[in-house]
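Protein chains: 6
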Amino acid sequence: MYLHVQRLINEIIPDEPDPAAANALQEGLGGQFGEMRTMMQYLFQSINFRGPAGKPYKDLLQGIGTEEISHVELIGTTISRLLDGSPRYQGKKTDPLDQPGAGGKTPLEIATHQSNIHHYLVAAQGALPVDAAGNPWSGSYVYNSGNLVLDLLYNLMLESTGRLQKCRIYEMTDNKTARSTISYLIVRDQAHENAYAKALETLGVDWKKTLPIPKTNAEQFPEVKKLLDLGLQSKQYSFDLTSQSEAGKIFRGMSPSNDGTELDATEQAPAGVPMTIAEERFEEFAPGADPELLALIQATADIEMAEVQPVYGPIPPAS
Amino acid sequence: MYLHVQRLINEIIPDEPDPAAANALQEGLGGQFGEMRTMMQYLFQSINFRGPAGKPYKDLLQGIGTEEISHVELIGTTISRLLDGSPRYQGKKTDPLDQPGAGGKTPLEIATHQSNIHHYLVAAQGALPVDAAGNPWSGSYVYNSGNLVLDLLYNLMLESTGRLQKCRIYEMTDNKTARSTISYLIVRDQAHENAYAKALETLGVDWKKTLPIPKTNAEQFPEVKKLLDLGLQSKQYSFDLTSQSEAGKIFRGMSPSNDGTELDATEQAPAGVPMTIAEERFEEFAPGADPELLALIQATADIEMAEVQPVYGPIPPAS
Amino acid sequence: MYLHVQRLINEIIPDEPDPAAANALQEGLGGQFGEMRTMMQYLFQSINFRGPAGKPYKDLLQGIGTEEISHVELIGTTISRLLDGSPRYQGKKTDPLDQPGAGGKTPLEIATHQSNIHHYLVAAQGALPVDAAGNPWSGSYVYNSGNLVLDLLYNLMLESTGRLQKCRIYEMTDNKTARSTISYLIVRDQAHENAYAKALETLGVDWKKTLPIPKTNAEQFPEVKKLLDLGLQSKQYSFDLTSQSEAGKIFRGMSPSNDGTELDATEQAPAGVPMTIAEERFEEFAPGADPELLALIQATADIEMAEVQPVYGPIPPAS
Amino acid sequence: MYLHVQRLINEIIPDEPDPAAANALQEGLGGQFGEMRTMMQYLFQSINFRGPAGKPYKDLLQGIGTEEISHVELIGTTISRLLDGSPRYQGKKTDPLDQPGAGGKTPLEIATHQSNIHHYLVAAQGALPVDAAGNPWSGSYVYNSGNLVLDLLYNLMLESTGRLQKCRIYEMTDNKTARSTISYLIVRDQAHENAYAKALETLGVDWKKTLPIPKTNAEQFPEVKKLLDLGLQSKQYSFDLTSQSEAGKIFRGMSPSNDGTELDATEQAPAGVPMTIAEERFEEFAPGADPELLALIQATADIEMAEVQPVYGPIPPAS
Amino acid sequence: MYLHVQRLINEIIPDEPDPAAANALQEGLGGQFGEMRTMMQYLFQSINFRGPAGKPYKDLLQGIGTEEISHVELIGTTISRLLDGSPRYQGKKTDPLDQPGAGGKTPLEIATHQSNIHHYLVAAQGALPVDAAGNPWSGSYVYNSGNLVLDLLYNLMLESTGRLQKCRIYEMTDNKTARSTISYLIVRDQAHENAYAKALETLGVDWKKTLPIPKTNAEQFPEVKKLLDLGLQSKQYSFDLTSQSEAGKIFRGMSPSNDGTELDATEQAPAGVPMTIAEERFEEFAPGADPELLALIQATADIEMAEVQPVYGPIPPAS
Amino acid sequence: MYLHVQRLINEIIPDEPDPAAANALQEGLGGQFGEMRTMMQYLFQSINFRGPAGKPYKDLLQGIGTEEISHVELIGTTISRLLDGSPRYQGKKTDPLDQPGAGGKTPLEIATHQSNIHHYLVAAQGALPVDAAGNPWSGSYVYNSGNLVLDLLYNLMLESTGRLQKCRIYEMTDNKTARSTISYLIVRDQAHENAYAKALETLGVDWKKTLPIPKTNAEQFPEVKKLLDLGLQSKQYSFDLTSQSEAGKIFRGMSPSNDGTELDATEQAPAGVPMTIAEERFEEFAPGADPELLALIQATADIEMAEVQPVYGPIPPAS
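Chains as they are written, first to last, in the UniProt record's numbering: chain A, 1 to 319; chain B, 1 to 319; chain C, 1 to 319; chain D, 1 to 319; chain E, 1 to 319; chain F, 1 to 319.
Bear in mind the hints are in silico, worked out from the structure with no lab data behind them.
Every value quoted in this text rests on a predicted model; they were computed, and no experiment measured them.
Treat the hints with caution; some may be incorrect.
Straight-line C-alpha distance at most 25 Å; calculated SDA-like pairs for lysine to any residue [to be verified]:
#1 F:LYS226 / F:ASP259
#2 D:LYS105 / F:GLY91
#3 D:LYS225 / A:ASP95
#4 E:LYS209 / B:THR94
#5 B:LYS176 / B:SER140
Using the sequences and the hints, build the whole thing.
See the structure below:
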């Protein structure tokens, strides 16, 4: 069972809209080696896991898989912000039913020149479950052989490829919004690479100096370096509300990345940052409310609500 | 951000393996109107949501979307249990490296007669991200127009179709394992149908006697009736750890399903039931451990672990 | 612009339900060489046609393309009839809201043993836009190079392959419902094969004794022979309401199939046979009406209707 | 059974070639919510329809489905015209076998800069069965649950989404060719939205002020406004040659779109406008005729043709 | 550049037709981890290879990739033989145009009960480029990141997964035809696993006792054991006609599979076995020759042929 | 069984990088009518061939199929060269671990403006198994009906369409690298068109003046003309190491292309040209070697290798 926190797992730095960067980031969301894939792969491997003695391995998969859902949320939100407002249309904010095409104007003309016209035509300046070349995400991407060594080996390759692609995306754009998320994911992919490499070490492989794969100079990327200095590549959160995760039995000891850090699995979750809600976009008819609908929406927003009984939740300050 | 609880959202009743039922359930997992789709659709609608005044609608989408991840876990696990052991192969449990095909035997012969040979050949008697006809899940299923009324209308149709298909699956098998999950999802789909119908009511639609769609006699299904008697079709959990969800501003008042119940959004999450780990299947080489690997796995299991610092978690009994 | 006649282009002989035959026929509907494909291919070739001097060729494509829409209707209806009632469920016809699964019964159990479970789970015992192996129809099937000789050559190959596959389907089932449609389409495919072969003859190819391709003994199939005796393989209707089609400039002279018949394009359309509407299937919740919905449907059926002003229509008997 | 009229359902206004607009329009042809999809969805729903009492509903589906085939023809032709001549290649019209690439020239160089290179490389400056992002149309788009309320609800959502996307496309281009068709389809989509909304009204839903969905200011688009002033959004033709359609029992009374008009189903079909045949494009080798082939084509065009016996056709002026 | 030898790379043992086994083997031909995929992946990796110093690695990829083409040929032929004659139709061999469906008979009735009806309906009792669940092979399977370590790691995982799946297929059937090829490929997959593991060893990884992955008891399969006894898992041929391959710089030393053998790359190619041509199948109209066509085919067969000038070829016995 | 020669089948002329041309060429590699498709289609037709008397036809398919593998190699290498270095990034060649993105630079910024971002993001400036619109190659392209006449007819159409598309690509770019391969393939496609046309002639078709299809003025393309003057369109190599091919019984006599040449099948293989290995691209982390990895790679390159025993190979000069 899963619960949600109304916080993003990492901060997204504001910058100008940038649809080209948004499209490049789609690979990290809906690509073969993107976050939807890692998420689904680890959730399936966890669901289908075999061998009671292997609980630490299952817990590792479950924990990383849970983190990947937050990554889907993070990169999806980032893409949405990069697209939002890119047509530079300035509707009258005071008029709830603006007239974007009145008189035959073409406020969405930009759409026909971009990498993926669907960002405007289908998704209302939002993220899509597709890769950077427009291919829809496919269930055929998920690998789950049932064989423990193979699944771990695949996962190591998967995280490394994800990191490789994100390093390439980093080199494609200097938009700060794009880079804040890309850099964070480069570092977290390395943490997961470490996790699977370590799991394979417990099963007998000695990686010696081969890791990290790829042998990038990622630490030369300034935004990445800041996060490496915080040791974020060597931390793995449990994301487990019931304190039953045994992933820490694997994610411990010296990092297989040969960077001299020690792996640390003693935190449940990062603090995260608050979420916001995007503005209306009249030219997309999104959400498409006219004055009457708007009044109804406002009426709902004004309702007082019954209290919710928490079962799980933040430990009170006093504890 | 998401956290995980090592509990299943509903109990799976034990019964005999049943690969035909397992395959029918795949539609509910990886089909166009299955749980992977509802999950992804609501997560994307939540990520791309527009209009700050509409927070209750976003929170409703986010809450149901979060629940759907747990449904993916539930139905995936159910499929896995229905497949597990279906070849009836009895390997020597004492020998960690069993000899399933020794002497030319064919312990997996069953696979060639089943609906989806991939359940044995690819997934090691586990769930797959495909539908009941074997089509991989596709990102092209996700609908997110950005227009609030349309998104809600689609979601209402989606949940109703999901429920319709699950009623048909109910009629295809009387395996108790399959039915415990199918019946639970029939009822939860109705809760979500109520949620979206109610949201559309706040925007002006009067459904009168049209709901529930389909006008099934689902209450005639004994397993479903038990859950309806508990009022599970009229409850919506927040699944929110930070108590910020405003979904309860929508999910309130009389049920649009015309069953005389009142909608209730005052619970954070159901209690759930403990999870277990499946046994090895030698004939699938899953997890494929020989004595040496097994010793290494056991060594990892025996390690003592550092304590994890909770940020979120169960409120201590004393509070 | 297109108009519809509430008549099927050929009669469907009644017989027992036969889901295996229904599934084989799906290849003829949604397969790579099925009717949806021929329909779409010829409509696109007609829409994109180049060269004003080539009007007879465009008209030939348009006429055959129009016929193919009726073939989609015919084979879709045939598949629907072969599936309809195959679960042998006998709901109480007097109760508009029957109780197919009451008490835990499994009236749709048959679905898990059939070639395509979607016939019951998704399509309510109806036809699907997929092939006999369950692959959805794809726009990538459509061939339209713009080069006249190539397009005609492809079409000749397409019709011949369609006919080849239908001959194989004929050999797979002796269900009369299935065979009445398959036999009709075998003969019509040959008519279209003749049409494209003849068009290529006007452009210089001499087929000599190569046609028909395949060199089948289709005339040995009794149901096919009856239609051949009527000369149906050598007729092409214009399906044109405005009497502007010049297809008859191509479809004339001796048949390239070497059967001694003369090609004839002097009829506008066949007479066809009346259409019927299928019965409710309670176990599919289709159409899913309860007594209240049923009363509303009946109320609509009872309304008196304004007269429609015909622009096109049957020539009055007196003319 | 279907017949064709050699007339387009609406006029296409001439303007300059515009491949960017052509590509945007592909969404309306081969997209998930485009005309190929509405056409196929309604034809399948009509073929698989259940419940003899529901004939007016079946006839409504059949009538709109038939209109959609004409929409496929209209938007396909529009795309073809927008592409035609866009490379601005001026071959010698007097030479039937022009030399577009002679001396190493690159008359198709434009193709590598456009949204979909296939428009030039595969389709010879013609329409393709794909969406604006290049995805081929898929049979998996078709929704036909068999449940009447669900099918109507989906259709309402489908038409509304189609209209939403076309409003967005309107905002992307001011090419007159593109807009004449887009504006017409915006209005016809609303007519179909009205039809399905009305059908759901007969089954008990009260839409109040929610319609039209989306609440667009489409009437602010000048080209659309002209058609709304003609009341085209409140008319539904029967497209039925046999005067058996009962769709008028549903499509009547006040428009659910709250625009004060009355729905009218008393016309069989619009008048339409004459069709033309596109010119040769030498640089595409389409149709690719050299002098010898051209002479053969002309010979066919010169043949005198036998008269066709009409069964259906325009009522003689005298009647 | 490639050349062909009219010999199969390994012998196929004759046995009864077995369509269920044929379908299981399709995974090894057209599946995600089958021979078409390994072939294409290594050919692309070889074509796109970077780094002149890495020639031994490129040559290793090229050599294994070339072998995989022969594996496609081998497993395709095996599937074809398993299907061939499975309908048990006994046409009159003396009549070149047999009458398989005459009198309404159904010689292909078997097709509707098999895993993939396309084997009879589309492929004329031959192999298809699809997997065992009927999914067509896809270019999206090919992995080629350009990063040497990642590509090798993926290839190791790919070969191991291929071997894992073939071990499972072995357990599904005891048909000798199927097993002769499956067993051969199990052993060759291990040879390739060794090759990639060894290549990674040269780059620093120490596999210790983790290999072979999976830790199967494949040597318990009698047909496999025979080939292991011949050391076939430790041999890699160059398949290079120009003696320029440097793959032997990697494929040498002790096997990483811990079986005590030494890797050997000193042979160019195995001897192979002669190929045969399958018989006609009248019921499939394949090749579909009637007496006239047959005479023409025979006339071609009787022609005397000009001598071909060899550039490459078997070294004359005397050398 | 297949063997490889470390030579390209034709020379690739050097020119500037040109990613737009590279993308256009993808159609010729991974498109529906590209080299991967012809290769796979002919290999499957050869594997599944029926009818012992038809060996010359099988050998013709096998020989052309073998040539197509070399064409995949040729066009893949050409695409790779057109992409290679297109970002114009000048890393320090002396530093094995260059710093392409150091200081936040964007050396891959070009990628977001190209037709297929995957060329940089996924393929490291290399070829992909996709078409020019980015669609992955699909097994559903392969046509193999088993009927000899149909298979040959399809192949004729396939080669002609491939040639048509390549003529269009020729008109899209004047890059010399692109054109050297495109021109070669235009001529070889015509050779194959001749082969299948001739095979159909042996079965009774008289093509008269219809061929070549398309009736292009390809001889007006200077690069093509040079190859036509060498008669390359009328030669077919056996690509057979065992001198058993009987393709020469078909590929003989006057060319059906009406160019006055005589078909010639007396050569085994063309001479080809040497292959080279591409340089490292630091900005792609390909191959991604740091100094330590580089040293290990070099160590492998320095190893002395055991001699390989040839079975097949160039005939010694003395013979």
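Hints, one by one, checked against the model:
{"no.": "1", "hint": "F:LYS226 / F:ASP259", "result": "holds, 15 Å"}
{"no.": "2", "hint": "D:LYS105 / F:GLY91", "result": "violated, 36 Å"}
{"no.": "3", "hint": "D:LYS225 / A:ASP95", "result": "holds, 21 Å"}
{"no.": "4", "hint": "E:LYS209 / B:THR94", "result": "holds, 22 Å"}
{"no.": "5", "hint": "B:LYS176 / B:SER140", "result": "violated, 33 Å"}
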